[in-house]
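J.: Now for the letters of each chain:
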Amino acid sequence: MNEGANVQTFFGIPFNIGNDVPGLIAAAIVFFLMFFLSRRIEMKPTGKQNVIEWIIDFTNSIIKSTMPGRDGQKFGLLIFTLFSFIFVSNQLGLMLQITVNNVTYVKSPTANVMTTMTLAFMVLLLAHFLGVKKFGFRGYFKNTYLSPIPFLLPISVLEEFTNFLTLALRLYGNIYSGEVLLKLIYKFSKVYGIASFVPAVPLEIIWQGFSVFIGSIQAYVFVTLTMVYISQKVEKE
Amino acid sequence: MSAEFLLGAASGIYWGDTIFYLVLFLVLVALIKHFAWGPITSMMEKRAEKIASDIDNAEESRAKAEKLESQRQAALKDSHVEASQIIDRAKTNGEQQKSKIIDGAHQEVTALKENAKQDIARERQDALESVKDDVAELSLSIASKVIVKNLKLEDQKALIDSYIEGLGKQNEVK
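Chains as they are written, first to last, in the UniProt record's numbering: chain E, 1 to 237; chain A, 1 to 174.
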């Protein structure tokens, strides 16, 4: 709940360093984890290779559930990276939070609305782009906004905005509220000394466990909805 | 982006973060593709192909083995029949050869006997004829000697007899 932000301006563009550093850390963790898991690839999988293949099978099954067939296979890398990045981001703030000068440099990057909106914006832009690429602009417009009934056009347009907002805010809200409650319990433990510290410890542990669960679910939900939105744009209804 | 302006208005919009996260994510995708995703998925595809081809190969070799097995069975059955046929043929061949050899031997023996008889008869005839000629010649020479020297029959009879006897013996040896 550190509202402080370390804002630096490069080329006239304001960067919130307090939000960028955790993203970099999460990306680094994802990369080194995957790099570590994918060493010594063999025909007969053993140990680490089984782990990464299990994750790939899992993300591929998410794609298959919304887009069966060969069309979905090209999204495998995107969904795999998106899932692992969001998953690691969600868990990062539960384990470690480092605050320097009222600015938190290590936390969940997904607890910031700019991060989740960037990710949601990216995947929806991709979905619209693929829709136009596949059907042409006229076909895309007809498929997205005029079907099944043309007079629902205003609602269809509105839906695109709500899709974007719900996708971004669902992830942000879940992770941010989880971090807020973690910090609240931490503050509560200090209020009455030992009398509040003792009940606060199991409470914090329970909430951390629950947040791990929430973070996993939200990562899964985010990539599933990503695939749903993409498949809506590239498949005729 | 308008939604971001609305939400971000409360604490200021650091829209550099959007660029940062976009670039970060794209770089992450590229790195993971190069180091993890590419090798892993190509290996998984290779494995899937290998498994499919292994299944096909197993099916093929099983069919081949079954075919060989049935061929072997048929060959075994055939070989039993063939063996008994060969034995039968050998038996009949042996019988035939045996009777042929015996017949041949019989024929040869009779032919030899016949030849020997004929030879003996001819020899005898020849011997008799030559003896006749010799006797006549001797008789003539003896007669001429008797006439020339005036010999007594009694004196010379033993000599003539022994002479004739020697000739007969000579013929018999022939």
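These are calculated hints, taken from the structure and not from any lab test.
Treat the hints loosely; a few may be bogus.
Here are the simulated DSSO-like cross-link-like pairs (lysine-lysine), alpha carbons at most 27 Å apart as the crow flies [unchecked claim]:
| hint | chain 1 | residue 1 | chain 2 | residue 2 |
| --- | --- | --- | --- | --- |
| 1 | E | Lys44 | A | Lys113 |
| 2 | E | Lys48 | A | Lys33 |
| 3 | A | Lys113 | E | Lys48 |
| 4 | A | Lys50 | A | Lys113 |
| 5 | E | Lys133 | A | Lys132 |
| 6 | A | Lys113 | E | Lys74 |
| 7 | A | Lys50 | E | Lys74 |
| 8 | A | Lys98 | E | Lys48 |
| 9 | E | Lys64 | A | Lys113 |
Covered, in the sense of this in silico footprint (three residues per stretch, anywhere, with C-beta under 8 Å from a C-beta of chain A), are these stretches of chain E [what the hints assert, rightly or not]:
| hint | region |
| --- | --- |
| 10 | 31-39 |
| 11 | 107-120 |
Beta carbons are placed, not taken as given, at the ideal position from N, Cα and C, and that holds for glycine.
J.: State the violated hints by number, sorted upward, taking the hints as numbered earlier in the document.
T.: The structure conflicts with hints 1, 3, 4, 5, 6, 8, 9, although it agrees with all the remaining ones.
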